[in-house]
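Number of protein chains: 2
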Amino acid sequence: MKAEVLAFFDRVRPAIDACLDTLLPAESASPEQIHRAMRYSIFAGGKRLRPALCVAGYSIFQNDPAPILPIASAIEMVHTYSLIHDDLPAMDNDDFRRGKPSSHKQFGEATAILAGDALLTLAFEVMSTCRGFDNKALLRATGELARCLGTRNGMIAGQVLDLEAEGRSREQSDVEAIHSAKTGALLSTSVWIGGFLGGASEAECRLILDYGRRIGLAFQIVDDMLDETSTITALGKTAGLDRKHRKATYPSILGLDESRRMVRELTQQARVCVKPLGDRGATLIEIAGYLETRGR
Amino acid sequence: MKAEVLAFFDRVRPAIDACLDTLLPAESASPEQIHRAMRYSIFAGGKRLRPALCVAGYSIFQNDPAPILPIASAIEMVHTYSLIHDDLPAMDNDDFRRGKPSSHKQFGEATAILAGDALLTLAFEVMSTCRGFDNKALLRATGELARCLGTRNGMIAGQVLDLEAEGRSREQSDVEAIHSAKTGALLSTSVWIGGFLGGASEAECRLILDYGRRIGLAFQIVDDMLDETSTITALGKTAGLDRKHRKATYPSILGLDESRRMVRELTQQARVCVKPLGDRGATLIEIAGYLETRGR
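Line by line, the protein sequences are chains A and B. Residue 126 in numbering that gives the first Met the number 0 sits at position 127 of the first sequence, and the numbers go up by one each step. Residue 228 in numbering that gives the first Met the number 0 sits at position 229 of the second sequence, and the numbers go up by one each step.
The set of hints was computed from the structure by calculation and includes no laboratory data. This structure is a prediction, so every number in the text was calculated from the model and none was measured. Think of the CB as a built atom: it goes at the ideal place given N, C-alpha and C, for glycine as much as any other residue. Certain hints may be false.
What the hints assert, rightly or not - Quick list of in silico lysine-lysine cross-link-like pairs, DSSO-like style, CA-CA up to 27 Å: (1) Lys246/A <-> Lys135/B; (2) Lys104/A <-> Lys246/B; (3) Lys46/A <-> Lys104/A; (4) Lys46/A <-> Lys246/A; (5) Lys1/B <-> Lys246/B; (6) Lys99/A <-> Lys274/A; (7) Lys135/B <-> Lys99/B; (8) Lys246/B <-> Lys104/B; (9) Lys1/A <-> Lys46/A; (10) Lys104/A <-> Lys104/B; (11) Lys135/B <-> Lys46/B; (12) Lys135/A <-> Lys1/B.
Claimed, not checked - Covered stretches of chain B, as calculated for chain A (at least 3 residues, CB under 8 Å): (13) 29-42; (14) 113-123; (15) 128-135; (16) 152-161; (17) 220-228.
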């Protein structure tokens, strides 16, 4: 099963990379510095999990993934924007990302802020000018992407709550609210957009979204656990920062064993969500299992 | 003529403010801090020039401005995002905006960065979920808004070029490239979006865009001149900063007299652009004249 999901990622990753390469302005295009910075972070070796989820959702209903690739690439752009801004000195102040200096260390703060802004902006340009979809559906997908990035239970809400929670005591429900907004919203919307634009019925869309919420939370708990237990070499970014910043994490509240149990349970729930899709949901089931055991 | 354009602004401003008030989450909505910051900058006493241009463009073809108000409000959101990020310490490092502490002075850098991100994101949510327009047209307007904010001759390109040009010698063509990207692109797109969604033909759209480009450049030259000649009280932000930062400005290259002559010429050209629209273009002509003499 793991071999199959790795093969899926190995197929999707170069397709997404090629699409991103056509969508991003060349480094030689003026102003060169901003395009260099955008490409530096986009091609920093990301796993392309969110675009892969989008493609997987689409592929439940469609054989040829080509039409969804620009949409999946736009999703990777907004993910990368969030990483660049999160790393800034005023935010998490992280000097490393994916084993390389973070954007502001490499290009300076001004360029890093603008590179994040530019990737967010380009993502919406790509979404709204994408061909091959019904206009109404494309507008809805664009609106849902914006919503999941926003301040009402979206990514920015998660980032704000996360910064506010630093150093404070908090409960499991607080951590869950932070995680579901900060990571879960984009992850679940990624797979939802794929399914929705692939032609899922409203009922199928709901199943896919429920699946996405569960793997999204499981993903973040695993992330927290890896931050506790990994080294900078394995993680590609500074390890142990959550503890140092007294971040709100699952291991800090529940301990590693209970966190691990929650990941298992959420993964199992995610599998159950997409079971009604039958064989077509196999890739989503495999991805859930893969995310459960990543980093081990 | 000036009285008429002031009356137009006086009608549009409260309508835009009321629309923004419904579109922005309440300050009491969690996370409160980010919503406070978004509202602080949005309701800081902006003149609503860009939304007014959007409404003016729309009103050439439509009697009831109500449908365009959310779109015009989204345009004000992206304008405000750009001001918040421009003021950041890593960028122009300006502590005042519209006579009040800038966002990062009031809320801290992290919240200011996120408030800018959130306004940009919300603008695209509003654009793509707006009712009352043809889906294809709405997608095109959304795409054009994103494009004019981006790195290819858009607002971010202008900001990058502006930062790069600080302290360097440069020519009129450099300054024009900076200004047309940094300010002109959004100003001209604002009026274009209004006209386009109002139902302008392709030929009429071109006239409106040409008009917008000319008043956009004139607007920025006037801005440069005001920075040279005003006080902080009149300007609402720190005056003389362009000179201090050795910014690329028209007065620094051409002198005040020649800058003033260019503003007159561009304003006249703008008037000629919309002349073929007949009486329907009267408001645009009045706005051009108003912008020429603002601050005097």
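Going through the hints against the structure:
no. : hint                  : in the structure
1   : Lys246/A <-> Lys135/B : violated, 44 Å
2   : Lys104/A <-> Lys246/B : holds, 25 Å
3   : Lys46/A <-> Lys104/A  : holds, 22 Å
4   : Lys46/A <-> Lys246/A  : holds, 24 Å
5   : Lys1/B <-> Lys246/B   : violated, 32 Å
6   : Lys99/A <-> Lys274/A  : violated, 40 Å
7   : Lys135/B <-> Lys99/B  : violated, 40 Å
8   : Lys246/B <-> Lys104/B : holds, 23 Å
9   : Lys1/A <-> Lys46/A    : holds, 15 Å
10  : Lys104/A <-> Lys104/B : holds, 24 Å
11  : Lys135/B <-> Lys46/B  : violated, 31 Å
12  : Lys135/A <-> Lys1/B   : violated, 42 Å
13  : 29-42                 : holds (count 6)
14  : 113-123               : holds (count 8)
15  : 128-135               : holds (count 3)
16  : 152-161               : holds (count 6)
17  : 220-228               : violated (count 0)
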